[in-house]
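The primary structure of each chain is shown beneath.
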Amino acid sequence: MNIRRTTPAEGARRFRTESVFLQHWRALGESFKQVDANRAPTAIGIAVMAVAIALPALLYIFIQNQHALFEDWGDEASLSAFLHRGVDAGAAERLMQQLAGDSRVASVRLIHRDDAFAEFAASSGLADIADDEVNPLPHVVVLVPRAATWDADRAQSLIAALESNTSIDTVLVDFAWIDRLSAIGRVAERAVFIVALLLAGGALLIVGNTFRALVHQHQDEIEVLKLVGATDAFIRRPFLYSGAMHGFLAGAAAALLVETVFAALKNPVARVAETYLSDFTIAGFSAVQAVLLIAVSCGLGWSGAWIGIILSLRPLDPVD
Amino acid sequence: MIHFSAVTKTYPGGNQGLRNVDLLIEAGEYTFLTGHSGAGKSTLLRLIALIERTSRGNVIVDGRNLERVPAQEVPYYRRHIGMIFQEHKLLPRRSVFENVALPLTVAAIRHREIRKRVRAALDKVNLLHKERATPDTLSAGEQQRVGIARAVVNRPTILLADEPTGNLDPALSQEILALFDQFNQVGVTMIIATHDVELLRKGHRRVIELKEGSLLSDTLPTP
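Line order of the protein sequences matches chains A and B. When you read off a place in the first sequence, starting at 1, and then add 161, the result is the number in my numbering. When you read off a place in the second sequence, starting at 1, and then add 5, the result is the number in my numbering.
Worth double-checking, as some hints may not be accurate.
Said to hold, decoys possible - Using C-beta positions, here's what the derived DEER-type ranges look like: (1) Val-356(A) <-> Pro-97(B): 53 to 63 Å; (2) Ser-180(A) <-> Arg-98(B): 19 to 29 Å; (3) Tyr-16(B) <-> Pro-202(A): 33 to 43 Å.
What the hints assert, rightly or not - Taking lysine-lysine and the DSSO-like style, the derived pairs with C-alpha atoms no more than 30 Å apart in a straight line are: (4) Lys-135(B) <-> Lys-194(A); (5) Lys-194(A) <-> Lys-94(B); (6) Lys-94(B) <-> Lys-135(B); (7) Lys-194(A) <-> Lys-121(B).
Don't read these hints as lab results, they were simulated from the structure. All C-beta atoms in this analysis are idealised placements derived from N, C-alpha and C, irrespective of residue type, glycine included.
All chains, please: the whole structure from these sequences, using the hints.
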């Protein structure tokens, strides 16, 4: 008997079979029934999974806000390049143009020696006796590095590049504190990544265990299905869809949770920022990030269901 | 044709289900398996249905050595075999229609075809009017007939029944036997495991008797 191709004259293969799409559609219907029949355990499973997903998502958004805050602070971090006194205004202008084209530099401005002297004279109260002819000040180029340039190595390379310029006499640097903060930020990012991995693993195990129990609950039904010729794929399908559904609902709940937390924090954070004369506001999820979170959650639900089924389906196979 | 060649089945723990059994059942034949509990009747059926594999020897069904059927092809093999159980094995949460439709559903048969075949099978066992009922609302005899409809809906070439009349009164048993006769008349190979003496007496068919896993007797019906 060739099992796959030749069927008995009165066999089932005489009938026309459904398209793969319809088979999956049916499996989806079965998974809805499964979820409906197990509302309480499903709701608990989804809630636990939602929290497990929301926690790293919250931390991620906090990190994202920290980046935004760094961008703000970055405006205050600057390098001052004091040019040699012999460098004239035209050369200083050209140097400024050249530095403006550097990818590591966010903005650059030139403080003309005459302007600096006038400002000095005005602020010192010596305007009446100050003599333009004996202005001791050089031209100064003030640079604001890009946020990425806070990285210690890149900042050093920028400083070295400035110092090697023959027009520049001295470079004054004052952003070590941002460098330190950035390093702390990277530690936090790594910590969030690890926590996210651990919690994703936890979510997988939670869903896996839920589905192991669900398969166990449907053991009699699965045995009958196997006896009438169901393949493992046929049996797995509704459970996998059910897992993806768990993931979808948990992801949506997690996104909602994150948005709620940020909505609750928005005003207090803005008030704190105001006291520092900053217009910084805390931002929650973008639409793309929310969709991505739900998609990842669906994937986790699907994979968790797969693990749970694989662990519990095999022992049910009646063939030794 | 079903051919058992020196088949031994030993279960974990050393319990022997079958011992060196040689047996030939022709296509379209109607055979009763009998013997006391533990004689090996169910083991023999489970080997044919590929629910278990032999410990030694070969089972050949329609020219195919079942020992060489890979695990992933077992479901496709089972679709050619109808199975009836004493405990019916109906799914309690599904309707009679859905229970009978299972072998066609798992084979991805089109819904329209499923509807036609299931209704025909239910009509055959006189349960068309109960298609929307759930198994728990049916009598034992009705549940068994649903089990039979499910076993034949896929038009199997071989029908295996394990104590199909175990929980039924004589009148219902007779009704079931009449159904089996009808299936056999259209060429289905019937193998029925039973220790119902009355069923054997009225069957007038080949009777294979097993004892402690060995073939004790093989009696052909008297003409």
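We went through each hint and held it up to the structure:
no.: 1; hint: Val-356(A) <-> Pro-97(B): 53 to 63 Å; verdict: violated, 44 Å
no.: 2; hint: Ser-180(A) <-> Arg-98(B): 19 to 29 Å; verdict: holds, 27 Å
no.: 3; hint: Tyr-16(B) <-> Pro-202(A): 33 to 43 Å; verdict: holds, 36 Å
no.: 4; hint: Lys-135(B) <-> Lys-194(A); verdict: holds, 22 Å
no.: 5; hint: Lys-194(A) <-> Lys-94(B); verdict: holds, 21 Å
no.: 6; hint: Lys-94(B) <-> Lys-135(B); verdict: holds, 18 Å
no.: 7; hint: Lys-194(A) <-> Lys-121(B); verdict: holds, 25 Å
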